[in-house]
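Peer 1: Residues in the sequence shown are numbered consecutively from 72, following the working numbering.
Calculated from the structure, these hints are not laboratory results.
Just so it is clear, the structure is predicted and the values come from calculations on it, not from any experiment.
Note that CB positions come from ideal geometry on N, CA and C, so glycine has one too.
A hint or two may mislead.
As the list claims (entries may be wrong) - Cβ pair distances, simulated, as ranges: (1) Ser91 <-> Gln132: 22 to 28 Å; (2) Ser192 <-> Ser91: 16 to 22 Å; (3) Gln136 <-> Pro166: 28 to 34 Å; (4) Val213 <-> Glu153: 56 to 62 Å; (5) Phe106 <-> Glu210: 48 to 54 Å.
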Amino acid sequence: NEIRPEPAESRYSGGPVQLSLWVQKQPLRDAEESFARFSIINNGKGIIDAGSRLRMVLPSQFGLQPSIIAAQLMTCSNFATEGSNYVAECTVNIPLSRTSTIPNILVSFMYDIPDDVTEKSTILTGSLAYTYETAKSLELPVAKVPTAGGGSGTTSSPS
72 NEIRPEPAES RYSGGPVQLS LWVQKQPLRD AEESFARFSI INNGKGIIDA GSRLRMVLPS
132 QFGLQPSIIA AQLMTCSNFA TEGSNYVAEC TVNIPLSRTS TIPNILVSFM YDIPDDVTEK
192 STILTGSLAY TYETAKSLEL PVAKVPTAGG GSGTTSSPS
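From just these sequences and the hints, can you work out the full model?
Peer 2: Dropping the structure here:
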């Protein structure tokens, strides 16, 4: 069997904010440096304030500790072990509107698969907390309703 490299990229399923994850062509090679890019795109009415946090999770089961190579418009912690994962958090430096430059983080990582394993699948995860604001208005016509008898529209109380 021949394993053919394929481009891998997350798919956007809708909503005001897109968290994108790009990984170089697959399959990743054992004991070779690999790269992933996490990006945030505000597609609409999402509210991403300065101080919002992006959390990146890479499994540590077979991997060596990943490192952040570059972070644009974000400040990131180093990856640390948390349970069976490597986790890093990045803080957005400026509010992100629809027209903002797209912040992204480039991460390098390496997997060292044991000798008794020929291939393995793994999952990289990114999560971002943001708020969403929407409003709806409806213009309605309003008209005076004529009173019975065609009067002036005023009524009097019985005495």
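Peer 1: Each hint should be assessed against the structure and marked as holding or not.
Peer 2: Each hint tested on the structure:
1. Restraint check, Ser91 to Gln132: a C-beta distance of roughly 25 Å satisfies the suggested window 22 to 28 Å.
2. Judged by the Cβ atoms, the range 16 to 22 Å given for Ser192 and Ser91 holds: they are separated by roughly 20 Å.
3. Taking 28 to 34 Å as the suggested C-beta distance range, the pair Gln136 and Pro166 conforms, at roughly 32 Å.
4. The hinted window of 56 to 62 Å between Val213 and Glu153 holds, with their beta carbons roughly 59 Å apart.
5. In this structure the hint that Phe106 and Glu210 lie 48 to 54 Å apart at CB holds, the actual value being about 52 Å.
Every hint from the earlier list agrees with this structure, and none is contradicted.
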